[in-house]
Structures are given as structure tokens and as C-alpha cells.
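**Q** Chain by chain, the residues run as shown.
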Amino acid sequence: MKIFVCIKSVPDTAATIKLSGESSFEDSDCKFVINPYDEYGIEEAVTLVEKNGGEVVVITAGRASADGALRSAMAIGANRAIHVKTEEQFLDSSFTAKVLKAAIERDGMPDIIFTGKNSVDTEGFQTPYRLAAELGFPVVNEISKLKINGDKAVAEREIGGGDREVLEISLPAVIGVTKGLNEPRYPKFPDIMKAKKKPVNLITISDLGIDELFSKSRLVKLESAPERSGAKMIQGSVEAQVKELIRILKEDEKVL
Amino acid sequence: MNKKYDAIIIGAGVIGCPIAYELCKMGYKTLNVDKNPDAGEGSTAGSCAIVRAHYSTADGVAMAYEGFKYWLDWENYLDHVKDEKGLAKYMNTGSLLLKSEGHDWKKVKKNYDEVGVKYEEWDNEKIKQMIPPIDLHKFWPVTRPEDPKFYDEPTEMLEGGIFCPEGGYMNDPALSAHNIMRATEAKGGQFIFNAEVVSIRSENGRVVGITLKDGTQIDSPIVVNVGGPHSFKVNKMAEGVWEGCNIKTKALRHEVMYCPSPDDYDYLNKGYHMSDGDIACYSRPEVGNTFLIGSEDPKCDPQEWVDPDEFYAGKGGPGRDNQLTEAQWKAQCYRWAKRIPTLPVPNQPKGVVDLYDCSDDWIPIYDKSDLNGFYMAVGTSGNQYKNAPVVGRMMAELINACERQGLEHDKTPFQFKYQYTGRVMNVGFFSRKRAINKNSSFSVNG
Ligand SMILES: Cc1cc2nc3c(=O)[nH]c(=O)nc-3n(C[C@H](O)[C@H](O)[C@H](O)COP(=O)(O)OP(=O)(O)OC[C@H]3O[C@@H](n4cnc5c(N)ncnc54)[C@H](O)[C@@H]3O)c2cc1C
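The listed protein sequences derive, respectively, from chains A and B. For the first sequence, our numbering puts the final residue at 258, and the numbers step up evenly by one. For the second sequence, our numbering puts the final residue at 464, and the numbers step up evenly by one.
Hints are computed from structural coordinates only; laboratory data are not their basis. Be a bit skeptical, because a hint or two may be false.
[To be verified] Straight-line distance between alpha carbons at most 35 Å, and here's what the computed DSBU-like set of lysine-lysine pairs gives:
no.	chain 1	residue 1	chain 2	residue 2
1	A	Lys-196	B	Lys-254
2	B	Lys-451	B	Lys-251
3	B	Lys-254	B	Lys-128
4	B	Lys-167	A	Lys-199
5	B	Lys-368	A	Lys-199
6	A	Lys-196	B	Lys-251
7	B	Lys-167	B	Lys-125
8	A	Lys-33	B	Lys-317
9	B	Lys-348	A	Lys-200
10	B	Lys-107	A	Lys-190
11	A	Lys-200	B	Lys-146
12	B	Lys-288	A	Lys-4
13	B	Lys-251	B	Lys-429
14	B	Lys-348	B	Lys-21
15	A	Lys-234	B	Lys-348
16	A	Lys-33	B	Lys-87
17	B	Lys-156	A	Lys-33
18	B	Lys-231	B	Lys-254
19	A	Lys-33	B	Lys-251
20	A	Lys-190	B	Lys-87
21	A	Lys-53	B	Lys-254
22	A	Lys-87	B	Lys-167
23	B	Lys-317	A	Lys-245
24	A	Lys-198	B	Lys-368
The whole structure should be built from the sequences, with the hints applied where relevant.
**A** So this is what it looks like as C-alpha cells:
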């Protein structure tokens, strides 16, 4: 079984991000982690390969610093990594999908490709679909339960209101995963040490014959989210409070 | 008319609260003023709250041992006060000091003998029996993961450790300060929160009161600086006080990491507090069968001195806010993982960052000042949580001796008698005028 896991190195959501210039931020100060949803994919892939044999390849399109995320993934148990080097942190998802497709094809076709359901930095929710379209694979996303039966997979996703959708898809497929699928294991120090020595195949965009400038969207501007102001206490009788609340919702917040 | 108190205590952390408590018990009408919204919400909230006796000076050992007795007797100490939040709990795990080149453990042992601290010597075999996942190789000297030497294979073994059955931690440090606040209120003490002191007023060489940010003035002939990491800022507000200190304080950033315990080891219920100078880390159990891993500040680690206001405002990127840094996460977790090789190290870091109020020699200043009526309990250097109730008693007696009995503490230092161990402490040891104490470990070990 050959499984690819597409991962992304993203700023820790708890990090304080300092903007610099129009559309970038000071990343030397900022801690980067594996996109948390991708960890479910890594864990699932590693467990499947532990059971059935084969190999887990983690792949990322990202800057030099994304090496940290690849090493973390290999500490969880991925066998090797492919790093398509880019200059930018923010990539257009159609571009990412093309890059991943080319690199995966070059490496040899997999049985399954896992991705996280989305990345927590840009929240694009597109890469799994676009990658599947590029490859002509079926795709399911937000999967929290999975069973592999030969060349088929039975995947479950929550669709709100406590209901679950059960899907059967043929492999190879792109499977976007989310919380609930498993408990990603924590690497131990010897695993971390081993991961340092596992092979990372470093390739460039041009190695893949893709035009670096190909991008359907472009990041124009980054702005900090407005600081949340503290809670406002409304005083007075119940009636007065309700009146004031409605006034605020209508006039100040303009939501009614 | 300004409100008037017998004593104003700036700060309602785990050190400020017991000072007020003891003063109240002596009949003083006290007011604690804190800019945070509740007691213990300052650096106390981030504390590991470890209670252990090993210090590099006999006085340090004695005080910690005395402090231990208070935590053991917590409900009594609080005079059985009710706290709507519940009571903090002392967890007696026992405390293991590994013998290493990173600690002057021979000095510690001598101090234990002098003070009468109970201890056992454990050889490697015994340690291994008590802590199955431990690796007792010697990893000295301490290095950082960026240094290739970090990964050198160890060849020698450590030589055992010193185990104190009396030691552990308080399970909720902020709550413990809150408990003391409730006990203080029961004795008539008052507290105000969200109230920042911006100036300290004095006349003719004597303190007369404080002024809050909103302009409110409150008067008192006694003001005590227990501002934690802000202590140097508070000292600078009082005329001549900062200048009159030979030992100064400043705020040092400190990260504490959380790693789950290996699956087959019940660290929470069977583990010990451990001090490991060989890798410059300490640890204690935390709920969720977690290792809480702190650093003993080895020389190879950068020290980050920060502005406490900027830090607590969360401004200015890592190094100046309350987020773990990747480099330090690796340093502390990987070091601890050498000792516990099956330690799981999460890819997504979890932990706490807070500030030490560090003095020049990592020994606190418990003293009067060059301004009459102005006192300080500062420079707690990351290791005074355990002493808080003793410090409360000692400071209250010192203040009372100076204010009501005319003691000239700078000339004839106050002698404080410990309630439990009966030992007498020369409070001059903690003087702001002292020369740097060369016996100190110059680290969080004190
Ligand atoms: C991460 C960490 C781990 C630690 N681990 C241990 C340990 O394991 N064992 C141990 O013994 N010790 C430990 N310590 C040390 C111990 O926790 C501290 O020494 C102790 O909590 C300090 O208490 P405090 O009351 O002096 O300070 P704080 O709790 O910081 O209280 C000071 C208060 O003063 C207030 N204040 C400051 N300036 C003003 C102003 N101008 N106006 C109004 N209010 C003001 C602040 O708001 C704050 O609430 C640790 C410390 C840290 C940071």
C-alpha cells in the first residue's frame, strides 16, 4: 500500500502574528506547526501501513522552513518526504493542486492520498477537491471515520444535526480528514531522532515543469483582525435592558 | 477624604496575600491593591508551585522546610475559612534530586543534615525500581538541540540521587492565593482589584500613601511592595527606594512545557517531583498524567529579560509575550526525553509562559527600604512559592518590629523564629543592602 499525505506548515493559531508591509508578516518570530488536521491523515496512513505494509510518503509545497513539518510527520511514522520548494507561504490552491499532482505522479501513483480537511491559515477548503480533479480521482472531505476494504473505502462524515453520511468510494482517492478520525500519536524522542535521518526529496517548481507564475489568485493585503473589545454590561430594568440591546443591534452593530 | 489603612500591600499574589493575613492577625487594618481582576492572577497563576527543600544555602533549606509544614497544615493555617472556589490541595509526591554536576548536591546534603530534613540516598538501582522509564546515563554538560553535541551518545552513568519523602506541589497556585485572601478577609483585611498603583506618595522621608491610575488616593503609613515581576517598577515609584537597593530585581521569561507521560507509567499517582541538574530540567506531575517540565536555566540557554507590562499585554512577538517558543520547546522536551526516553513529545506544543521576578543573586529581598514605612518582598526568583506562608509571617513580624518596636533593622537585623522547626532566621540574610550572595546557585534552585 502506498499512501501519500499532503501536509502544510502553518503558523500556530495561538501565535501572535506581526504584519510587515502590505501582505506579509514577520515569520521569524512566529512558531510554525503541521496543519493540525493533517496530523489525522498522517496517523491514519501510518496505522494502515503498520497493518497492511507499504509506505507513507508525506508531501508539502512550501518554503524551506516547511522542513520542520515534514520531520514532525516522519517522527509520527511517515517513511519519507517530498518537499516542493516555494518562495511564498500563501499559495493559490489551484497552484498547490497542480504542484502536488505533478510531484505525486512523478513519484508513482498511490492507493490513497490523505489531506487535512482544510488548512488553518488560509481556510481555503479547496486543495483536496482540486487535487482530485487534477488526478481524476474521487474525493471525499471532512471524514471522521474510515474503513478500507480492498480497492474500496467506506468513509463517514458528519453533516450537521448529528447526522452522518456514509460514502463508498473506489480507490485511489483523495480523502480529506478531520478530528475524530483517530488520536494522532505523539512522537517519542528516538522517533524524532530517526526522523532527522529519513530522506527528504527536495524538488523545485521548475523541476516539475510548472510555471511559478501560474496562480489564479494573489494575496493583495493582510490585515490584523480587529481586537475584540470587552463585554459591555447593559444596566437597568429588564425592559430597559432589552430596549437598549435592540437599539445596539439595530443602530450600532446593524445586524437587525 | 482619602481612605486610610494601617498598611497597604501592593499585590495580591501568593506572597502579598499572606503578608496581609499575618498583619491582620496582629491587628493591622490592611488593604491589598492589585491591578489584576482577582487574587493570584499574576505570576502566581503560572507557577509550578513545587514544594521542595533543596537549596544551596542552609537558610534556604530551612525556610523551605518550614514552608512545607504550612502547606501540610493548610486548612489550619487558613483558620478553616470557607472559599467558594474550594481549597487548593497539597500533593505530597516526594522529591528526588539527582546527583549531578549541575547541582552542588553535597552542599544540599550538608544543609539537610544541618536543618534536619528527612532524606534517603538512592542508588541507580533503587531509582530505576521506583521510576521504571528512567534512563540514568550522564548527559552532562547541558547543551541545546541546535548543538550537534546534544546528540552525543552518553557513556557514563549518574551516581544516584537524594530523595526527600517530604515534598510535592500545590495543585492550584492561583487558588491557594485566593484561599489566603478569603482567610485575610475573615480577619478584617480588604482587597481591591482592577486597581493599578501609579505613584507612591511620601512626605519628609516617610511613605504616606498610594495613588491609583484613576486618581484615587489611599493613605497609609505602611506600604509593602509585593508586585511580583513588576517589583522594580513599584520600587521606582517610591522616593529613593530603587536607588537604595544594592540588589536589584528584573523580570525573566520562563517557559514550562507539558508532555504526556508514557502510556505504561502512572506519573500522576506514582511519580515524584524531580530536579535534574544533569540536563537542567525539573518536573512534576500534573492532572492528565502529564509531565510538567521546567528549566533550571543552564548557561547555554539565552535569558530573556522583558518588560512585564508588555509581556502581560501579549505584545511584541515571542520573547515578549506569553507563547512558547519552538526552540525552547525543543530544548526542554528533548532534554527531558533523554531522561525519560519513552516520553511522548507532541508536535503541537503545550505549556505555560510566565515571569520570574529575579534578583541579582536569585535570592529574594525581604526587607525594609530607604523610605520609612516602605517595605518589600520581591526578587522571588522563580522559587519562593513554597515559602509564601513563612514569608507572610516573617514580613509581618519584621514590619511590626520596625514600626511598633522601633527596631533599626539595617543595624541590628530582625531575628525571626520559625514556628514549626524552631530555627532562628537572621532576616538580614535577605537585605537589599547585601553584597551578592556567592553561595547562591544563581538559578531557580536558589
Ligand atoms: C513559570 C513559573 C514557575 C514557578 N515554579 C515555582 C515552583 O515550582 N516552586 C516555587 O517555590 N516557586 C515557583 N515559582 C515562583 C513563584 O511562583 C513566585 O515566586 C510567586 O508566585 C510570586 O508571587 P508574588 O505574589 O510575589 O507575585 P505575583 O503573583 O506576580 O503577584 C504580584 C501582583 O502584583 C500586582 N501588581 C504589580 N504591580 C502593580 C501595580 N503597580 N498596581 C497594582 N498591582 C500591581 C500584579 O497584578 C500581581 O497580581 C515559579 C514562577 C514561575 C513564573
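**Q** The structure should be examined with respect to each hint, and the outcome stated for every one.
**A** Now the hints, each set against the structure:
1. A/Lys-196 <-> B/Lys-254: violated (52 Å)
2. B/Lys-451 <-> B/Lys-251: Distance of about 18 Å is within 35 Å: holds.
3. B/Lys-254 <-> B/Lys-128: At roughly 39 Å apart (the allowed maximum being 35 Å), B/Lys-128 and B/Lys-254 break the hint.
4. B/Lys-167 <-> A/Lys-199: Distance ~16 Å between B/Lys-167 and A/Lys-199 Cα, so the pair holds.
5. B/Lys-368 <-> A/Lys-199: Cα-Cα ~26 Å, so holds.
6. A/Lys-196 <-> B/Lys-251: violated (48 Å)
7. B/Lys-167 <-> B/Lys-125: holds (29 Å)
8. A/Lys-33 <-> B/Lys-317: Between A/Lys-33 and B/Lys-317 the Cα gap is close to 24 Å, so the pair holds against 35 Å.
9. B/Lys-348 <-> A/Lys-200: holds (19 Å)
10. B/Lys-107 <-> A/Lys-190: Judged against 35 Å, a Cα distance of about 32 Å means the pair holds.
11. A/Lys-200 <-> B/Lys-146: holds (32 Å)
12. B/Lys-288 <-> A/Lys-4: Given that 35 Å is the threshold and the Cα spacing comes to 42 Å, the pair is violated.
13. B/Lys-251 <-> B/Lys-429: Distance ~27 Å between B/Lys-251 and B/Lys-429 Cα, so the pair holds.
14. B/Lys-348 <-> B/Lys-21: Violated: B/Lys-348 and B/Lys-21 sit about 52 Å apart, past 35 Å.
15. A/Lys-234 <-> B/Lys-348: violated (41 Å)
16. A/Lys-33 <-> B/Lys-87: violated (42 Å)
17. B/Lys-156 <-> A/Lys-33: The hint holds at about 31 Å.
18. B/Lys-231 <-> B/Lys-254: holds (16 Å)
19. A/Lys-33 <-> B/Lys-251: holds (31 Å)
20. A/Lys-190 <-> B/Lys-87: violated (38 Å)
21. A/Lys-53 <-> B/Lys-254: Not OK: A/Lys-53 and B/Lys-254 at ~66 Å, beyond 35 Å, violated.
22. A/Lys-87 <-> B/Lys-167: With a Cα-Cα distance of about 29 Å, the restraint between A/Lys-87 and B/Lys-167 holds, given a limit of 35 Å.
23. B/Lys-317 <-> A/Lys-245: With Cα atoms ~62 Å apart, B/Lys-317 and A/Lys-245 exceed 35 Å; violated.
24. A/Lys-198 <-> B/Lys-368: holds (22 Å)
In summary, the numbered hints that this structure violates are 1, 3, 6, 12, 14, 15, 16, 20, 21, 23.
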